Amino acid sequence: MNFERIQEKLNILADAAKYDVSCASSGSNRKNTNKGLGNASKMGICHSYTEDGRCISLLKILLTNYCIFDCAYCVTRKSNDVKRAAFKIQEVVDLTINFYRRNYIEGLFLSSGIFKNPDYTMERLIAVAKKLREEEGFNGYIHLKSIPGASDELMYEAGLYADRLSVNIEVPTVSGLRLLAPDKKHEDFTKPMLKVKNELVRYQNERKVLKSTPKYAPAGQSTQMIVGATNETDKDVMYSATFYYTQYDMKRVYYSGYVPVADDERLPSLGSQVPMLRENRLYQTDWLLRFYGFSVNELLNHEHPNLEMDIDPKLAWALRNLHYFPMDVNKVDKRLLARIPGLGMQSVSKIIKARQFRKLNWEHLKRIGVSLNRARYFIICDSKNWEKRDLDAERIKGLILQNSQGKFRKQYNQQLALFN
Amino acid sequence: MNSSKILIYDGSFNGFLTAVFTAFEEKIDVMDIQTHSQVQNGLFSDMETIFTQVEKAKRVWNGIRKKSYSAISKIYFAYLSEMEGVELMLYRYIRKLMGSEKEGHHDFSDETILKISQLARSVGREKHRMEAFVRFQLTRDEIYFCNIEPDFNVLPLISKHFRNRYADQQWLIYDVKRKYGIFYDLQNVALVSLNLKEIHFNKVHKSDAFLNEEYDYQTLWNDYFKSTHIKSRINKKLHTQHVPKRYWKYLSEKKEML
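These protein sequence lines map, in sequence, to chains C and U. Heads up, the first sequence is in the numbering used here, so the first residue is 1 and it goes up one at a time. Heads up, the second sequence is in the numbering used here, so the first residue is 421 and it goes up one at a time.
One chain only, chain U, in its complex shape (with noise of 0.2 Å):
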């Protein structure tokens, strides 16, 4: 039997998936999976530095898929809440998934299988906010901007519904907390990367980058918001559970109140 290892894998996905590779191949115990730049030692574990294949990465990725086309988007759901130790918690749900005759990943029994299962449910809950709180503010140079601050990294998730809801016009979304972003330019979607000297929330203060037209149009929706409100029927604590505090400073219909 193997002595228990930890695998050091380089933080991207397919990093993770040739980490899962490598650990069924080699019949490694695996004690933990970790990323280069948060490493922890484990007293009596040894350390494998895993190199991202891509092609091993998609047998992985290909193999799980044949098994069950949910189970492959709930681990890459889960992977993306970032959580700590959620490589693990996913390395062993993949087991299970694999190991078992029957569906495995049905076992709502079992902790790691509910867990990855909530955290998949999660992410999916933010990607579906992202896509309805993304306020784009029309540049001068004719791309609509945002700026969001998701609590999960789920850019790579909505990228393909505003490519296909946007098709006609250039967009670009920026995460400020994980300083990366998606641009399209009527042709395709890139990563890009900036070098912000503000971030543009929708302030009251008005900025030079973006037209009077865009500020117009801006009073336009929050004059519309406030008169969808029923005064008879105010309900403050549900309307802060649908739109969490943490979301008003990017959008223009909720700046007034912060």
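One chain only, chain C, in its complex shape (with noise of 0.2 Å):
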């Protein structure tokens, strides 16, 4: 091994692909074969945190950050000026192979900018995960970018050795694209979307016919979205996400607040705060779509077409919503116990199991978990002591506010201090 040679590389080559901030190495399921190397863990490990608290759970590099490409929000676009580098195929293989067997990572991220032409850029891609997978019998966790406008035979020959594969499309609406992409149209990014989401539904088929049907991309696709790049709203965001959801089955869609790179004057300055609160309030609704039974409509519309951002999505809804509150714990169905604000799908699950044996009280909600500050103005149980006031949606908001802390209450409340 060339030490100084790869450690040059790996500086420039991990610092490029860190925008990207998907790093789930859950939702697969390979096994360890043949007394071989490694298996993917149902669930995914994070190894470590990086010091901004995402996990770090796969080698996340770029095979090359030379781009033909020239976008606006990306910091190895062609018209930046910054060091350039490329890896080999076998330095890839070597780098996650020891990687791995040290127990510091669950797999390979590996995305690149794009060389010559999309096609020539996927080949070399698939060529390091064949090799992992052939030449190294290596069972862990890969996952490749779809580099937008690559052909249909690649994306298919993409997820015989990838565990995921996904495409940014980095740009929430259509408009931003022309503004910040010129170079790259919308069909580019959802067309391997396609491919292999038709591959994925054909294996499925397959594997229902003959148990022994080899695995394609087992862990889905995915997708991410800068947010607060150019104007869009939450709901342009949201209902983007959803349509992707369900159009393309992504297993996950990505928020990622805009970190300033470029001086342009189509983007934020330099220097400008990542909306990391906005990016919060975005992954909260994205929990609410996909596990609490929320529609996208409820959560925004034509009349809210923002998220609020003192307040989570959930209890924003319900304080639009009083009318179907208050809910009797002891009662409700599962369904509907899902949207009392306080309430995590893990509350939810255990008062069902226990409110079989007796009646619930406030003193039982609080040591199951729930966030009571939250909870109890939506809510009755087995108690004469519940909230009888008859309090407009302001004036619980404003209780709410004043008995919690939010994490970044110091973020809203700087304007307010302004004028104090």
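Hints may contain errors.
Said to hold, decoys possible - Subject to a maximum C-alpha distance of 25 Å in a straight line, what follows is the list of computed DSS-like cross-link-like pairs (lysine-lysine):
no., chain 1, residue 1, chain 2, residue 2
1, C, Lys18, U, Lys626
2, U, Lys597, U, Lys646
3, C, Lys31, U, Lys599
4, C, Lys18, U, Lys535
5, C, Lys359, C, Lys397
6, C, Lys18, U, Lys675
7, C, Lys353, U, Lys516
8, U, Lys580, U, Lys547
9, U, Lys522, C, Lys331
10, U, Lys669, C, Lys366
11, U, Lys674, C, Lys18
12, C, Lys334, U, Lys651
13, U, Lys665, U, Lys646
14, C, Lys42, U, Lys547
15, C, Lys353, U, Lys535
16, C, Lys334, U, Lys535
17, U, Lys626, U, Lys669
18, U, Lys597, C, Lys18
19, C, Lys31, U, Lys547
20, U, Lys651, U, Lys597
21, C, Lys116, C, Lys42
22, C, Lys78, U, Lys651
23, U, Lys522, C, Lys353
24, U, Lys516, C, Lys359
25, U, Lys656, C, Lys366
26, C, Lys353, U, Lys674
27, C, Lys35, U, Lys547
Claimed, not checked - Label pairs and their calculated CB-CB ranges:
no., chain 1, residue 1, chain 2, residue 2, range
28, C, Leu210, U, Glu523, 48 to 54 Å
29, U, Lys580, C, Lys359, 40 to 46 Å
30, C, Ile352, U, Arg560, 55 to 61 Å
31, U, Asn584, C, Lys331, 44 to 50 Å
32, U, Leu611, C, Ser295, 52 to 58 Å
33, U, Glu446, C, Lys211, 35 to 41 Å
34, U, Lys580, C, Tyr283, 30 to 36 Å
35, U, Arg545, C, Tyr283, 19 to 25 Å
36, C, Asp249, U, Leu611, 21 to 27 Å
37, C, Val332, U, Leu678, 48 to 54 Å
38, U, Leu678, C, Thr246, 47 to 53 Å
39, C, Thr246, U, Glu523, 32 to 38 Å
40, C, Leu401, U, Glu446, 43 to 49 Å
Source of the hints: derived by calculation from the structure; they are not laboratory data. These figures come from a predicted structure and were not determined experimentally. Yeah, the Cβ is synthetic: ideal placement off N, Cα and C, and Gly gets one too.
Assemble the dimeric complex from its two separately framed chains, guided by the hints.
Given below as structure tokens:
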């Protein structure tokens, strides 16, 4: 191993890859065959965490940061004056195996700048995955980037070796894309997505007939959207996410607050704050859609195109729909329990089990882990002591904010402080 | 009615299950279940020493498992927490489970049930952490070696994960707090105890037990770790919440921070 050379490349190509927020290693179930190396853990494992608190689960690198495109939001865009480097295929394989054997990582996340053309780049990515699987007998997790514009044949081949494939649509609106990435067309992103989706469906059907059907991207597809780079609304973002979840069977859509990487008049200026609170609210909304049975138009619609920043989206929904409340936690079904502010799905499941034995009171709920500060205005339980005042939405919101300390409180209080 | 008794067992899980068996069979009013190394006399109670019998332990294990698969794993996980007094709580848990027609272990309004379920969760979290935080170092004799110091006794729980994953390399994970380890020799996993001259956490100082190549890979990993940070998003509080400081000395990427 030429240590210095590898070290330099790794520094350049890991640095360029970090803006991809996805680092999931979950959802696959690849077994270790014939006493080889590695397997994929169904729930995924985060081996470390960055200082900004994101999971480090995979060796996330670019094969190269040379790129023929000039997308304004991207740090490796052609016109940016940064150091360029490229890994050899064997170098990536060696790094992956040696990191994996030391239990540093769950596997490899390989992306790339686009050099020559999309197919040429995609072929290189596939070559790495193929070598890992076939020559090294590696059964760990592999996440490959689908290069926008890559051919169907290559997308098919990629799925045979990878656990997950992803294309980042990056800009949630078509008009934004035209503005920031004029070289790319919307179809360049959706074409590989569609191919992978169709293959996933085909393999699923074949597996029903023939159990030994080989795996095709068992952890499915994901995508990422940058928020705060164009002036899109939260409604734009979440409707677009819903579209990808339903049309392309996405396993995950990631939201990435735009980190200013360029001085470009089309974009927020360098040094402007990363919209982390907004990102957090978008993820909360995403969870409500996927696990809590909400539909997107309940949370965001024409009248409410943006999420409220000072309270979570479920509470905001409840305050707009006070006529559903109070609910009796000892009676209402799971679907409704999930809609009560302050109750997570863990609490919901515990409540449903526990209430078969006795009627639950405040003390039980508190011990189970319900956040009563929020929930108390929306429920009744086995106690005479419940909120009897006829409070309106504004008043409830005020009381809840008064008695809690949100982790982002400082950010939105700054504006108020100006007037004091 | 029998007078209340303190049951003394040998500190093994099978010993504990044997104690449970005896208590059920002889309808003992159990006042406490203690290991022989930490016996505390109760003023007004008798003591009975339990001799571990694998047969009896197995019957308890199978009986519980037949009732509920999730309950048996909760019981085992909670037991490995080594928390003081956990045996008596587990005994109460088992009584509730076996004594009710309904699924008694789902009664989260009951303090014992909730507590055991929370303990099992903590141990589960520690198990998951150890699967993540083990950092193998390749020794000169081709063994991937790692020291750990987990809050709970999780080695028995992580053995299967590492055996399945690293089937083609020899590895040894050693718990320095409890002074035993698990060693995989390409065939089986065995319990070992070592006379360690020094504890090999990932020190800045190099030991000659390892090749230079090992330190090269550690440097690459540390570099990689550093380049994943996005400076404009730094959130140290969240970072330490995910990677608590007590684990840092065993993580090569954090050694410089200490």
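Hint-by-hint comparison with the structure:
1. C:Lys18 x U:Lys626: Not OK: Lys18 of chain C and Lys626 of chain U at ~30 Å, beyond 25 Å, violated.
2. U:Lys597 x U:Lys646: Between Lys597 of chain U and Lys646 of chain U the Cα gap is close to 30 Å, so the pair fails against 25 Å, i.e. violated.
3. C:Lys31 x U:Lys599: 32 Å, violated
4. C:Lys18 x U:Lys535: 40 Å, violated
5. C:Lys359 x C:Lys397: Roughly 28 Å between the alpha carbons, so the hint for Lys359 of chain C and Lys397 of chain C is violated.
6. C:Lys18 x U:Lys675: 22 Å, holds
7. C:Lys353 x U:Lys516: Holds, at about 15 Å.
8. U:Lys580 x U:Lys547: Given that 25 Å is the threshold and the Cα spacing comes to 11 Å, the pair holds.
9. U:Lys522 x C:Lys331: 19 Å, holds
10. U:Lys669 x C:Lys366: 36 Å, violated
11. U:Lys674 x C:Lys18: 19 Å, holds
12. C:Lys334 x U:Lys651: Violated - the C-alpha atoms of Lys651 of chain U and Lys334 of chain C are around 42 Å apart, more than 25 Å.
13. U:Lys665 x U:Lys646: It holds: about 17 Å lies between the C-alpha atoms, which stays within 25 Å.
14. C:Lys42 x U:Lys547: 15 Å, holds
15. C:Lys353 x U:Lys535: 15 Å, holds
16. C:Lys334 x U:Lys535: Roughly 24 Å between the alpha carbons, so the hint for Lys334 of chain C and Lys535 of chain U holds.
17. U:Lys626 x U:Lys669: 14 Å, holds
18. U:Lys597 x C:Lys18: 36 Å, violated
19. C:Lys31 x U:Lys547: The hint holds at about 20 Å.
20. U:Lys651 x U:Lys597: Violated, at about 36 Å.
21. C:Lys116 x C:Lys42: With Cα atoms ~37 Å apart, Lys116 of chain C and Lys42 of chain C exceed 25 Å; violated.
22. C:Lys78 x U:Lys651: Given that 25 Å is the threshold and the Cα spacing comes to 23 Å, the pair holds.
23. U:Lys522 x C:Lys353: With Cα atoms ~11 Å apart, Lys522 of chain U and Lys353 of chain C stay inside 25 Å; holds.
24. U:Lys516 x C:Lys359: Holds - the C-alpha atoms of Lys359 of chain C and Lys516 of chain U are around 18 Å apart, at most 25 Å.
25. U:Lys656 x C:Lys366: 29 Å, violated
26. C:Lys353 x U:Lys674: Distance of about 42 Å is beyond 25 Å: violated.
27. C:Lys35 x U:Lys547: Measuring from Cα to Cα gives roughly 23 Å; hence the hint holds.
28. C:Leu210 x U:Glu523: 48 to 54 Å: Violated, since Leu210 of chain C and Glu523 of chain U (Cβ atoms, about 38 Å apart) do not stay within the stated range.
29. U:Lys580 x C:Lys359: 40 to 46 Å: 41 Å, holds
30. C:Ile352 x U:Arg560: 55 to 61 Å: At 56 Å between Cβs, range holds.
31. U:Asn584 x C:Lys331: 44 to 50 Å: 45 Å, holds
32. U:Leu611 x C:Ser295: 52 to 58 Å: 54 Å, holds
33. U:Glu446 x C:Lys211: 35 to 41 Å: Violated, at about 51 Å.
34. U:Lys580 x C:Tyr283: 30 to 36 Å: 33 Å, holds
35. U:Arg545 x C:Tyr283: 19 to 25 Å: Given a distance of about 22 Å, which is inside 19 to 25 Å, the answer is holds.
36. C:Asp249 x U:Leu611: 21 to 27 Å: With Cβ atoms ~46 Å apart, the hint is violated.
37. C:Val332 x U:Leu678: 48 to 54 Å: The hinted range 48 to 54 Å holds for Val332 of chain C and Leu678 of chain U, with Cβ atoms some 51 Å apart.
38. U:Leu678 x C:Thr246: 47 to 53 Å: 48 Å, holds
39. C:Thr246 x U:Glu523: 32 to 38 Å: 36 Å, holds
40. C:Leu401 x U:Glu446: 43 to 49 Å: Violated: the Cβ-Cβ distance is about 59 Å, outside 43 to 49 Å.
Taken one by one, the earlier hints fail for this structure at numbers 1, 2, 3, 4, 5, 10, 12, 18, 20, 21, 25, 26, 28, 33, 36 and 40, listed in ascending order.
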